[in-house]
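Asks: Each chain, letter by letter, is given below.
Number of protein chains: 4
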Amino acid sequence: MTDQALSPPVDAVEVSYEELCGALAAKNLSPLWKVNRELMPLEHRSSTLPWLWRWRSLLPMARRCGELITIDRGGDRRVLALANPGLQGRPYTSTTLWGAIQYLGPHESAPAHRHTPNAIRFVIEGEGVWTTVNGDACDMLPGDLILTPSWHWHDHNNSADRPMLWFDGLDLPLVGVLEAVFFELYPDETQPVVSRNLSELLYGKGIAPHEPRPGSVRDGSAGTARAPAGGLASPLLRYPYTTTDAQLEAMLAGTRSDVATVHFVNPANGRSALPTLGLSMVRLLAGAATAPVRRAGSSIVVVFRGSGYTVMNGTRFDWGEKDIFVVPSWVAAEHHALERSDLFVTSDRPVLEALGLYREEMLDEEQSVSARFVPL
Amino acid sequence: MTDQALSPPVDAVEVSYEELCGALAAKNLSPLWKVNRELMPLEHRSSTLPWLWRWRSLLPMARRCGELITIDRGGDRRVLALANPGLQGRPYTSTTLWGAIQYLGPHESAPAHRHTPNAIRFVIEGEGVWTTVNGDACDMLPGDLILTPSWHWHDHNNSADRPMLWFDGLDLPLVGVLEAVFFELYPDETQPVVSRNLSELLYGKGIAPHEPRPGSVRDGSAGTARAPAGGLASPLLRYPYTTTDAQLEAMLAGTRSDVATVHFVNPANGRSALPTLGLSMVRLLAGAATAPVRRAGSSIVVVFRGSGYTVMNGTRFDWGEKDIFVVPSWVAAEHHALERSDLFVTSDRPVLEALGLYREEMLDEEQSVSARFVPL
Amino acid sequence: MTDQALSPPVDAVEVSYEELCGALAAKNLSPLWKVNRELMPLEHRSSTLPWLWRWRSLLPMARRCGELITIDRGGDRRVLALANPGLQGRPYTSTTLWGAIQYLGPHESAPAHRHTPNAIRFVIEGEGVWTTVNGDACDMLPGDLILTPSWHWHDHNNSADRPMLWFDGLDLPLVGVLEAVFFELYPDETQPVVSRNLSELLYGKGIAPHEPRPGSVRDGSAGTARAPAGGLASPLLRYPYTTTDAQLEAMLAGTRSDVATVHFVNPANGRSALPTLGLSMVRLLAGAATAPVRRAGSSIVVVFRGSGYTVMNGTRFDWGEKDIFVVPSWVAAEHHALERSDLFVTSDRPVLEALGLYREEMLDEEQSVSARFVPL
Amino acid sequence: MTDQALSPPVDAVEVSYEELCGALAAKNLSPLWKVNRELMPLEHRSSTLPWLWRWRSLLPMARRCGELITIDRGGDRRVLALANPGLQGRPYTSTTLWGAIQYLGPHESAPAHRHTPNAIRFVIEGEGVWTTVNGDACDMLPGDLILTPSWHWHDHNNSADRPMLWFDGLDLPLVGVLEAVFFELYPDETQPVVSRNLSELLYGKGIAPHEPRPGSVRDGSAGTARAPAGGLASPLLRYPYTTTDAQLEAMLAGTRSDVATVHFVNPANGRSALPTLGLSMVRLLAGAATAPVRRAGSSIVVVFRGSGYTVMNGTRFDWGEKDIFVVPSWVAAEHHALERSDLFVTSDRPVLEALGLYREEMLDEEQSVSARFVPL
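Chains as they are written, first to last, in my numbering: chain A, 1 to 376; chain B, 1 to 376; chain C, 1 to 376; chain D, 1 to 376.
Among these hints, one or two may not hold up.
The list makes no distinction among identical chains, and a pair is therefore deemed to hold if it is satisfied within one copy or across any two copies.
Derived pair list, reagent style DMTMM-like, types lysine to aspartate or glutamate, alpha-carbon separation capped at 20 Å [stated by the list, open to error]:
1. 34 x 19
2. 34 x 318
3. 34 x 364
4. 34 x 139
5. 34 x 67
Don't read these hints as lab results, they were simulated from the structure.
Every value quoted in this text rests on a predicted model; they were computed, and no experiment measured them.
Given only the sequences and the hints, what does the whole structure look like? Please build it.
Replies: Structure (structure tokens):
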């Protein structure tokens, strides 16, 4: 081999500890013993900080962006990312989750593209907007959840005279780490609309329009080939708030509880609607609270309606309508509602479960609240 | 071994062919070569015959039974089984499926019991009846589908002044062959009703009240134990016709087709609502037809609404509202609607799929109709 | 509708109970109340009887068949089915399982065919035989298990000067009830042999020659299409006794137990090697016994080596080498080894599990043996 | 809310673009439009660089570490991480994979601990070492693969007079990003050894010691509770090279190919032995080559035996015995063997597949080699 001459003779590394460390670095080798306890600490550590963004701060900034930034100037989306202050300037809400506010002005369109990161849109304010996903125009009303799964074409369109704001949740930080980000622009500005809320018509009532997949792995060797059962992402792309609201009411009434949770699932397999994002809505009646728990994996909470507070590792975060906060991995958290509240939660839990890394711990006693979060 | 003396000496079987056959029978041995082509025929054979039962015959008989047979006298259910004439007197509609009409008089109750065979109830006529399934009272209106899955307590109750009739579909013939029939009477006449249509409230809107099961086999070794994800049967017990109807309409409108099919699935896993029974509703607009196909496994069709005919292996079976017919395994079948029609189909397809035995064949040309079925 | 005139007027059925019963039969309707307790008995019932076939009876009969029946005369296989005396003359060992002895004379071949019922061959005596399965010649030595899964071409060939006998286990009774029996003759007498024990080379060491299937349902929508993960049946077709024996020894040594069981599984998914048949080998050391248990579903036990007895519902069945017996559904059974014994077990358990019908009950106390089985 | 006064009035943000950017940063908001094309580039980008570490550089450094670093001083492991030069000083081989050389001196023990990251050990040099995993001592010989799955206790022990070196592969970078790293020291220095290679005895022959899991999701509602089928990680902890070698030879002979690949799978489910790591061995005969392909996700290749070269994105990386190189995500790669070679591959592919993010592209033509890699 021709490069042999370039390599140092073996005995050249009979060196001191300091020289060894230098030689290691020169060869792109890194001694574990220097970073051992940092990589595998005896107590769980999280870079992600518990944090809360107030709507009354977000809204005027988003509006001002609407004035100053055109969709053209701003790339193809006008988005303010919720950048966790623990993540050293990266525009991520947690190490795995991207949370942001997207602002679409009157009669604007955000052009069509697709990417491998999965995304969800949860509508906070406005109406008259639809997102076209692979040709199916999905209406967006406050409280609606719209999926734009991995590698699905999507564009957003506002036909109204008012701007619209929604929450964007993506698995972008995780897909970035996996070095699996692929992106493509659609040939035209927007896709042709071939149907309107069709996925909801087909999949939104809990009975399937297509043959359910077999109970076992696949059809027998004797079977004729049939259409594939589809991918990991939900064929249902729109979960309207009217349905969410009705189900939560029914659950509260039916179970006589003061907290109810619905999970947005893929009707084709009963799993999470997206393979990387857990999506749910928690309704708490006035005075209700959830038990303190800590979980591996992080989540972003959008306060759709109501007010209350969440205690995270002993700090109280007061929240009102449209505020957004993040619960980092393994941080003890409990929610308290001062009035009837709806919390929309986006998490990375399906990832941890799929990889055998999920764990949770119910905490017996409410931790004392020793501090109160005051945003900068 | 003490019974050695009872056994014939080896050379005792140096016998003629005829003597050998006798000796074999005496030892409970059966020569394959005598039944070879019967057990494994070169062409597929089905004992189950294509057959149709007319409602105008069924109804008066069911009424007369209502007069003559008390629930007491009639065991705990007043049921007329659709006995396929090909099955030598056994009360089964096909070799795997039990189809029947159940009649519940005004102010009658059919007492609570449970059994391992799975059952469904599809309401044909009447109202004011509910079936309590493990404590959850499920209302029964025409076109509604009610599940009473394996080993779930159930009783039927009619609070109205009119009798009620519904279709019973069970996997009883199959479970019988598996010698897995277990049955138990409830201690009391009926169960206490602890909720009303609760399963529908919880599971009927396509968003899950409980944490979806992980995408992979099970939670990680690091995970804390959590509640099991449930059994094979659907937690949703009631599929109201109002929903079925709305979805079919939406599908026809959304896809601009003249045939639409919904499958009743288990929302927890996207598979068939029951592990042994495939359940679907087919809507055909006037003049529409399905392509000829033959499938391994049998199905029973209840004409909920409309009129038309089905060609099975070249024989035309005319049907009208509430008629019931059976499509045997591997019989070529095609449906033609003369007016807008709803066909409720119960099949054994999930069984064949789970065991790798399902196959189907699309037939290119409509077979000529060479005969017309005339019931005896 | 033209056949209306043929139908009796409704009031014609205002008849007596006896007349009603006749009218029902004429219309292919069967009243449940007459057969209620027979179909759903309060105590579990099984038609299949516990039974045992002695090798010293089987062997001379099989030999005599070898002399009297040519493969030509005898259809394409020379097989003696173990016909359970509880099944009214049907040639089945239980309601779901076919058990039989197949005899292949010196230099004979059983011609190639395929069928949807799954089959296994467990070698009892002889050597020099191979079964070609879809082109792969699988050697057959005593104690070897050979699979001929659903719809796989197979022929048996004896190149030796001695006859060979093996046990055939099939799901034929079940597939027959499902009316899913399909059969096809191979164009030639035998298949060309394209490989020899290749499946064993590829799949027999617990590490996979092909990419393991993804942990989740299927690859993502972004993924390129790849080869299907295969069917329900094992790609491993031969499980040699040398491996079975070595593993059983290792387990007994490693766990210091006196009973060890191995299950023959599909290495591609860890499930049973065939979707309809459970297959295992139980080794008991001299004096060892299994705890009494009753299980839904039946099984056939081939005594490969050793001697002992099995108590079934209070009757003792003594067994020696190569005897075969059947354990019916829900019959309490316990095995006792007088010397080191290997029991090869074929069951229908995967079927009951796939359909949610499996149950078992461990019995605390050994039931008293009140009778001893003496074959006719 | 008390902190309301701290928040700026809405109209205070009627500011210039520059002021807005400052205000956004102050509120932990990050504008997407500045990083749009960096986060979602039009062409796929990978920080991980193709890289190769030569054994003749690694070995003397590892030896010198053995002299200078005690296990005590070095934390609990003496490990040199292969630090990819594209990852800005982080000690990771790719963004998801940790690759390293571990050196254990004569008569040393690396103390027992457990952590949520999954790890594998692939033995490069030495003998007389075993790793105890949850009480089962697994022997380590060159070419053996040993699993220490997530949250399993493990310690390494060298009873020989020679040092030992092996390759460590972990999913630590990924689990770190998921903020799911948990770590625990065992109370004692090492675990008691309760068995020796037991997992191999029980699970290493492709037939299962325990009841295979049901084909469908879980047992029926009627079933009695049974032991859980286990976690995501393989119960087989040791894959000896003797088996790997024999299978590769059989595959080459049986398929008459010049390249064969075995995948190390979990015998309980046929999936990858660990939920986060793909593990395989590729054998190339002299002169053989693999087709060029690029795949989402990265892999680390340990040259166990042989020599050859790998072309990655047009650069040729020559390799010899025990060299280690990394193939980054979406880098076109093809392997060429100059002599018979065994390549041990650790990848993150199961993660990408589980999340629906896996894709690959076969490249038709070999890319021209325009450069040759010369390590610094």
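Asks: For every hint, state whether the structure bears it out.
Replies: Each hint tested on the structure:
1. 34 x 19: within (15 Å within a copy, 42 Å between copies)
2. 34 x 318: Close neither inside one copy (41 Å) nor across copies (31 Å); limit 20 Å.
3. 34 x 364: neither (37 Å within a copy, 45 Å between copies)
4. 34 x 139: Neither way: residue 34 and residue 139 sit 54 Å apart in one copy and 29 Å across, limit 20 Å.
5. 34 x 67: So residue 34 and residue 67 pass the 20 Å test across copies only (17 Å; inside, 50 Å).
In terms of the numbered hints stated before, the structure departs from hints 2, 3 and 4, listed from lowest to highest.
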